[in-house]
Each structure stands twice: as structure tokens, then as C-alpha cells.
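These protein sequences, in sequence, are chains A and B. To convert, note that position 145 of the first sequence is 145 in our numbering; the numbers rise steadily by one, no gaps. To convert, note that position 63 of the second sequence is 63 in our numbering; the numbers rise steadily by one, no gaps.
Rather than coming from a laboratory, the hints here were simulated on the basis of the structure. Every clue listed holds true.
The calculated lysine-lysine pairs, modelled on DSSO-like cross-linking and capped at a C-alpha distance of 30 angstroms, are: (1) B:Lys51 / B:Lys23; (2) B:Lys23 / B:Lys11; (3) B:Lys11 / A:Lys113; (4) B:Lys11 / A:Lys52; (5) B:Lys23 / B:Lys66; (6) B:Lys51 / B:Lys66; (7) B:Lys58 / A:Lys52; (8) B:Lys11 / A:Lys65; (9) A:Lys52 / A:Lys113; (10) A:Lys65 / A:Lys52; (11) A:Lys25 / A:Lys65; (12) A:Lys25 / A:Lys52.
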Amino acid sequence: MKDTIERSIYFQAPVERVWRALTTKEEINAWFTDRGIDGDIAVGEDMVMCFKLSSSDETGRCRAKVETMDAPSHFAYRWLPGNLNEKPLDEVPTTLVEFFLVPEGEGTRVTVKESGFASLPENLMADAFKDNSEGWAEVMESFRKYGESWNKQSTAV
Amino acid sequence: MEQAVDSRLNKVFAALADSSRRKILTRLAQGPAAIVDLARDLPFTRQAATKHLLTLRKAGLVEDRKQGRAQVYELTPDSLLCAEQWIEGLEADWDRRLGALARHLRENP
Numbered sequence: 001m002k003d004t005i006e007r008s009i010y011f012q013a014p015v016e017r018v019w020r021a022l023t024t025k026e027e028i029n030a031w032f033t034d035r036g037i038d039g040d041i042a043v044g045e046d047m048v049m050c051f052k053l054s055s056s057d058e059t060g061r062c063r064a065k066v067e068t069m070d071a072p073s074h075f076a077y078r079w080l081p082g083n084l085n086e087k088p089l090d091e092v093p094t095t096l097v098e099f100f101l102v103p104e105g106e107g108t109r110v111t112v113k114e115s116g117f118a119s120l121p122e123n124l125m126a127d128a129f130k131d132n133s134e135g136w137a138e139v140m141e142s143f144r145k146y147g148e149s150w151n152k153q154s155t156a157v
Numbered sequence: 001m002e003q004a005v006d007s008r009l010n011k012v013f014a015a016l017a018d019s020s021r022r023k024i025l026t027r028l029a030q031g032p033a034a035i036v037d038l039a040r041d042l043p044f045t046r047q048a049a050t051k052h053l054l055t056l057r058k059a060g061l062v063e064d065r066k067q068g069r070a071q072v073y074e075l076t077p078d079s080l081l082c083a084e085q086w087i088e089g090l091e092a093d094w095d096r097r098l099g100a101l102a103r104h105l106r107e108n109p
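Isolated chain A, as found in the complex (with noise of 0.2 angstroms):
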């Protein structure tokens, strides 16, 4: 299970406009939260983000936390993704999303890290077992092991 996501992209704007858009409720909802973001955008603030699922017409509602503000640098939230999560996030398994803006010609490169996979299927997975009996690590071994051997015949072919 990989841990991280990283996506790097290079924006022709300077790094404090790049900032704005990231970090201001207005910006954001112009680009990602289409259906606005009730709460504010401050170190230790809980927010919720809404936004229109590109599978339906329903709104996703995720509850975030941010977790770093350094301007123009930095910035930081936690949450649970891809998911419609309105518990508190000390009770649910999270991930870090991370944008990193660092000037680069005329421009801005900003790189987004989103980690804690590794952790987060386990938890889900605990979360969705009523007993809590031996077994299931058992299970994901033996899974790999005939994925792997699945794999290997399939390279065969």
C-alpha cells in the first residue's frame, strides 16, 4: 500500500497570488470547493469543505483541520479523503495534505503531498469489523501472497 500522493505543477502566477488561491475562502471556492467552506481557514480551526462529486450532483462535505499556515511557503490541512466525512477528526483516520509554493522563474512551483494512506485502509477496514476475532491479518497475507503469484503468471503470459 503506498503511503503518498505527490503531484508537482508549475503555475504561471506569482508566489503570493498562488498563496491567495490556496489559502482564502472566495479562491478556493473558485477552484475546488464549488459549494463553499463553512468555518475559517486558521491554524487548529476545524472547516468543513463542500464540493460537487464529479460522480454526481450531490455535495461532498469534508471536515478538515488545518494544521500549518506559513505564508507563502506552506500550507497545511488534515483530513479524511474521498469520503463525505462530517465526524470530528480525532475520532476517524486522516491523511496530511500539504501544498509547498516555492518561486520558480516568473512563476510558482507548488507541490501537493497528500500522506497516511499506509494507515488509513487498516483503520477504515477496523472501523467496518463488529468482531474484532483473529483472522484478518492472516487474510491480507494470503492475499498478497496469491496476488503475487497471480502476477507472476500473468508477466508469464
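Following the hints, put chain B in place on chain A, whose structure we already have.
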């Protein structure tokens, strides 16, 4: 996409939430088996095995095929890739958002 993967993951988690079904999966990881084999190797009846296999099949964790007169069940290895697919979906989400951000910055310099 998000929702399709989410719903599949939910099914997978629900199917795995039962220790009998985990035992079946562990047994099937050693090789394909018919219901009689499972009922012989594991501590439950054929009826119970049939019911669990149905749940596992709906979650995409096992497949069945005819082998002679018997119905044989085997693991679908790519079902484990489900979690990986979920992450790929999230990567695609970021690509989409960053694309939207690039457009926004072009249109609102």
C-alpha cells in the same frame, strides 16, 4: 468514479467483517475449492458456506466457475487492488483540482 469505488470498498469491508468469511478466503488462497471441500475443511455447513460465498462474490472477492459437475470458487486477486484503485481515484481528483486552479489563475491573474 469516487462513488463507485467507495461503494465497492464498502462491500469489501462488510464482506471481510465476518471471521467465517475470512476463514473461507484464507482457505481459497491455498487454491480453488468447491462447497463440499469448504464444508469439509471448515467448521460450518454447506448452507452456511453457500451464503458466505454469495456475499464474497457480490463483493468481488471470489469468482465461481463450473468444473465438471461441481461449482468451484476461487479468489479474485485484483479485488485487493481495490484500495490501490481508490488511491488512484484520489490522484485523479488532485489532477482535476490542480487543473481547475491553473485555469482560475489564468483567468484571474
